[in-house]
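Two chains, two separate frames, one set of hints: put the complex together.
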Amino acid sequence: MKRTVIKRIPSFLAVVVLVLMIICPLLSIFREAAFPDGNFDISMAISTIAESENARMIASSILLGVLVVMVSSLIALPLAYIFSRTQFARYRFFDVIFMIPFMTPPYIASMGWILFMQKRGLMQQIFPSLAFLSDWFFSLGGLVLVMSFHVFPFMMTLMKNAMLAVSSSLDEAGAVLGAPFRVRLRKLFFPLLTGNYAIGALLVFVKTISEYGTPSTLGRRIGFEVFTTDIHRYATVAPIEFGKSASLASVLIGICLLIWFFQNYVTEHRAYSLVGSRPGSIRIKRMGRKQSALCWTFIVIVIFFTMLIPLFSVVTSSLIKLRGYGLRAGNFTFGNYVKLFTEDNQGTGALLISIFLAVSSATIASILGTISVIISKQAGKRCGRLIEGLSLIPEMLPSIVLVLGIMLFYNRIYRIVPIYGTIWIMVLSYVILFLPYTVQYVTSSFSQIGDSLISAGRICGGKPLYVFMHITLPLIFRGILSGWMMTFIIAFRELVTPSLIAPTNTLTVSTYINRQFEQGSVGKGMAMAVICILFSTVTLLILNKAISEKRK
Amino acid sequence: MKKALILILAVFVSLSAVFGASDKGIVTVYMPSPAGLANKLAADFEAKTGIEVKTFQGTTGEILARLETEKANPVADVVILASWSDGLSMKESGQLESYIPANTENAVGGWIDDDSMLFGYSASAVGVIYNTLIYPELDADWAELADPQFKNDIAIPDPELSGACKDFVAGFVNAFGWDTFEALAANGMTVPGANKAALEAVTTGEVGILIAGVDYNAYSSMKEGEPLSIYYPESGTVVNPRPAMIMKSAPDMDNAKAFIDYLYSEDAQKMVTEAYLLPGRTDIEYTNRSTLDEIPQIETDWSAMMEISSEAAARINELCER
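These protein sequences, in sequence, are chains A and B. Counting with the working numbering, you get residues 1 to 552 for the letters of the first sequence. Counting with the working numbering, you get residues 553 to 874 for the letters of the second sequence.
Treat each hint with caution, since some may be false.
[Unchecked claim] Calculated Cβ distances over 10 Å to all of chain B for the following chain A residues:
| id | residue |
| --- | --- |
| 1 | Asp41 |
| 2 | Ile58 |
| 3 | Leu158 |
| 4 | Leu185 |
| 5 | Val237 |
| 6 | Ile240 |
| 7 | Ala456 |
| 8 | Leu473 |
| 9 | Ile490 |
| 10 | Phe535 |
[Stated by the list, open to error] Label pairs and their calculated CB-CB ranges:
| id | chain 1 | residue 1 | chain 2 | residue 2 | range |
| --- | --- | --- | --- | --- | --- |
| 11 | A | Tyr414 | B | Asp666 | 35 to 43 Å |
| 12 | A | Glu53 | B | Glu734 | 17 to 25 Å |
| 13 | B | Glu734 | A | Leu20 | 51 to 59 Å |
Keep in mind the hints are simulated off the structure, nothing from the lab. Each residue gets a CB set at the ideal place from its N, CA and C atoms; glycine is no exception.
If we strip away everything but chain B, and leave its shape as in the complex, we get (with noise of 0.2 Å):
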């Protein structure tokens, strides 16, 4: 019994000592999955410069939240969101650090915006990814997914949680309307949750088709051999460049800096690649995925968009309330 009691007090003891923190400098970084190129981004920065990561990863929903829950006492160095209007918005309220990050000089146009505060190093669309046991083929449109013969069979991610998925609504209603999505809610449309919920909805099979799911999720599952494909609709779809921010409140700016630094350099690139995202700068190759031009791109506005997206999220939501 005595000798549990002192391996349980080692135990303590060590783990105390694990939670301490390193006396090199900090960078908090709250960052949107997917997780495993999170983990990689940070362990190679902290290689590099000997800056110790912290981050928080959640939905951009709960990044959101939790900037707002800390605003009496900022925490987040630098934030990345999956979702450019969010990002827009961050800006608006005036909580973003302007800065010209080094590489850049390859940088995607339009995925920097003009007043340098929102990064855009990654970028992902949504397609229609659907179930191959249930459907051997699929290229509908988007409106044609509302005919009777896929009743109850499509989900759409929660857009109210991720960031891609609200800034393909924000620019679909924008550029045509409401008709398409009301249709598809009227044919039973569900919202199974985030993302990675609604890609596992249509692995699992439980709906055979999912609308406006991101690529990379889609792209990593068909690698390790679920039965499952992507396209993208010849009506066309939402890129959005996933921006990395400064925050104004930052209590570390200098390494916030060096971080957004190193997001553009190549390896950072590559493991951006690595992850199936668009990566940031146009001289990174990549071949396991569609490229950026093979993308039909619906028109963006994306200050437009960013007026509707919250509200355009929460009426999906609303549609598709059984």
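Bound conformation, chain A alone (with noise of 0.2 Å):
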């Protein structure tokens, strides 16, 4: 009796944990949605929703999701089809330039869209003729494609991998008994990989209307209000409403919630996991010369559109000496680098405290999505699913929302936990945010590691730290690595903690980049950005590197 007790002790306080990390926040939004003075009134949280803008805002924000969809989807599904199916599945260098959009954060693209999209813009200096362009770009049309440039590969890669899947032999079946080309793709290709495609649209959707970079820049610029931006507005504009700011959160929660509840529906019903076909059971065809020119064209378009442009103007504005002189020989300079690090120490400061809660949350969630993954290993099967979907949450909710509950949980317990306005909370709120990483990237490395090997250090009498250090920990070490790096990757950029509760005194590299965007130096700004992109590239490549020679 009393051992059990004992081993339930570590996965109900690991239990405790995550729900005053993660459901505590999120209570506290219902809270203030719908105990305005503290007693039960849903009518204030009905009537915002109600309110006119307010229900236009939402249905915009779906119209929005819904767009992205559909451009992402023309965009991914050409891609997924030609990198999975043809010759240029070889040309594996591909993979990791179709990382750059996700290199890019989307703030800090779409700035680069506006600087080259605008009236007397980068654009209209190179090709005046083209000034048509500008006025449709600041429009719904313009924030669709932005949003899709940075999703599509999200959704190329799951459908690349769901392709892969399909063993060429299906096919040749198909055509041996007889069924042309298109009945093939009607009756064999599309229901195959229907379920697939309805999780990557849903999850670009997800995705779309969580995202806070674009819509608070771009979206901005044309008065297109969504929910992460009014979610904003109302927690940090005088006149502050939190009431307002939660009821959307908790309207955005539900959405989120039944989509996924979907998503798995569609998982379970309509996905095909077809066994035993690996990637080696594509026969790949050999193209004509026109169809391989065609898909070059089109890998080429991507690129151009998806990463030249946006790179290509942040990199030129980071360049320019006088803004009014635009692009013109000798109005060229490094100055605005120099001046990032030399006028003031705000620049500086930024780089080092966004290196700083990039370092220390990603080694706090490696720790402990380590630990909850451990324990969830070894509880009974309930709780450890429990402990793993509890630790999943802030993957599945946007983080305005998982943010906005910290800063109202956090400033009511002020008292006890005095953390609200200092740095700590940002730590804190990162380690949320990103602790699904981990738990993600440790589950499947601990997935591939057999019963039989623990079983056979127990039995050559390893106590059962001894058996951690020298068996699972070596295993599970890449996991967690990996896990760190993209926890540090996402951090170091990470945009909507420090735009909502940086303490006095606290740029991030993402805070000061849009501050000099809006009320500085564009050109500091921009000279920021180039820094935070190539920061973040390299850091992706020693780690990759660290990473397989680890392997080795």
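Written out as structure tokens, the structure is:
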């Protein structure tokens, strides 16, 4: 009896910690929305949602999500096909290239687009005759494009893997039985992929309505309000209305949960996992010259628009001396980079703080995440699933909702835990937001360890700790490191947390760039943006190398 | 690999040390742009008194929001805004401490309120800023800018973010009514953002003319060599003193008072003029910008303006909504 109680202590503690970290902030959102004066009163929440401008905002958020799903499908599906079933599948370097949209934070990419497209901006300086495009760009259409350009690689990767799983033998079987190409596409290929496509589409939809960076820069320009910008505005611009902010956040939570349930349903009912098909089981057909040229053109166009234009725009803007004269010989300088570090200590400070936050949150999240995975493996089945489910919640919800919850919760318990308004609340918030990365990576590397290894260790007389240190830890270390790396890169450029709860005197790279873009020198802001992109790319490369060496 | 981990750990530890607070007192100051001035004032005050200055820099709108968020746990000692009318409404709601600062014998008349709670240690004015590559010469009055020849080429800073612009809108509407703004909006006036974003729009030529742009930003861009020029239209503008205020809830009251004294010191006032702002003392000389007596002013009734300023600012954004 006593033994089982002692055995349960770790899993009990894990649940308590996770509830405190994740569930309490979420509950304080509902509390703020439904108990405005301590009494249950949902009328204010309902009237907030029913306010005509908020109802319009909800409609336009959903419209934006749907349009982005459509446009990113148009980009991602052909690419997925090209990279899974044609000779392009062999060019592995495309995997690295299509990481670039991911390495460029959305707020930086959309600043690049703004600087490129605006009236008398870079595009009009190079091609004055294209001026008519500017008016078109600063509309919903432009917003949809820029957001699709950021999010399409997720769908591309997902669909590419799904297509790789459809073995060519199925296709050949169809052909042998006399089905023409179009029938095979309709009867065989599409049904096998619908489930995966639905998952990809839902993922893109959730990512789009959760995104804050692009709507806060480009969306604000064109007066297009969505959930995230409204939640942010109610929580940060006088007059502050946390109640309204929380009501909208509750609706957003509801939408996201609904979609995840739906996605779960699809995964269980429509997605096929084709047993026994490995990537090798795909026969690649050689294409004719014409088809090959067509593929190249498509790839080049995608790369040009999704990567080259924003990068070109950001880099060029960081090098321009006098904004009034634009692109002109003699008007280029590295001065913005020098000024970034010498004019005042804000630039250096922002870099140091971002590095500090990234290192500390990645380290704490790795430790916490690993512990919670280990505990969930050892706990009973139900309890284990509970722990895993709790630790993955932050992945399912928009970060702005979680940060709002953290803000409300720790403001309320300030007298007990006085971390509101200090740097530590940012560390905490980062840890909560990025915990799922570690949990996912460590869980997946756990699943590759056979039980027999651990049993062998125990049989040979190893104490649990010894077995952990010498068998389990080395085997999952790569997973931990990957999680650490992901967290580090994402945390380094995180925008939502610092823009809601950064204490006084504290600028991060992201808020520094935003501030310079909106109220300071665009040149300095873009110089910081270039440094930010370089920094995360180099970190990724170094750590990738470290991990692959470890593998040998 | 191990070395890298040790290095990371070392960075981590040393950074934690940097963030540790100093043991000599602190003073927390919320102040609007220009950031350069805020940093210089903070550094000089720290050097002179040994009191650590913690600053939060934001637009007037962001500062007010922050104060509201922190109502339960006040952090700010001194708050500086770029809008006199917002300062007056803070006084109205009883948030301010009265104090008679040192060095104020030569303060500009009317830039310290009767209850000695708002200290206009500096001031700015708004004017018409234009891109000289697009308009080599310009001296049109406010109403004349609604002329079709300027269609879709005029911008105004967001008065809900820029305190100076907000005060101007309130003063102008109070004196002349809404006709001019309505005509400008009908002529395609846009709101690109706070002061600096609006200035950026006219610098890059996205628009040719910025009305109600704060002058100190324009002067410093012109100094750098940007193709800009500024004038104050003849029917007058609003010079708005930028009030520094001591919060009643200040956790470090003595340091807050010392900081206000410092703002009126000769060194601090010199820095104010170096940032192209108007100094709060009459005995400080400056030649880098239009002086106070050269700027044509609208008759200002601050209490009437305070009443209408927030609504008027919101109305501008509504009028200009595309």
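Violated hints, by number in ascending order, as checked against the structure
Hint check: 5, 6 fail, others pass.
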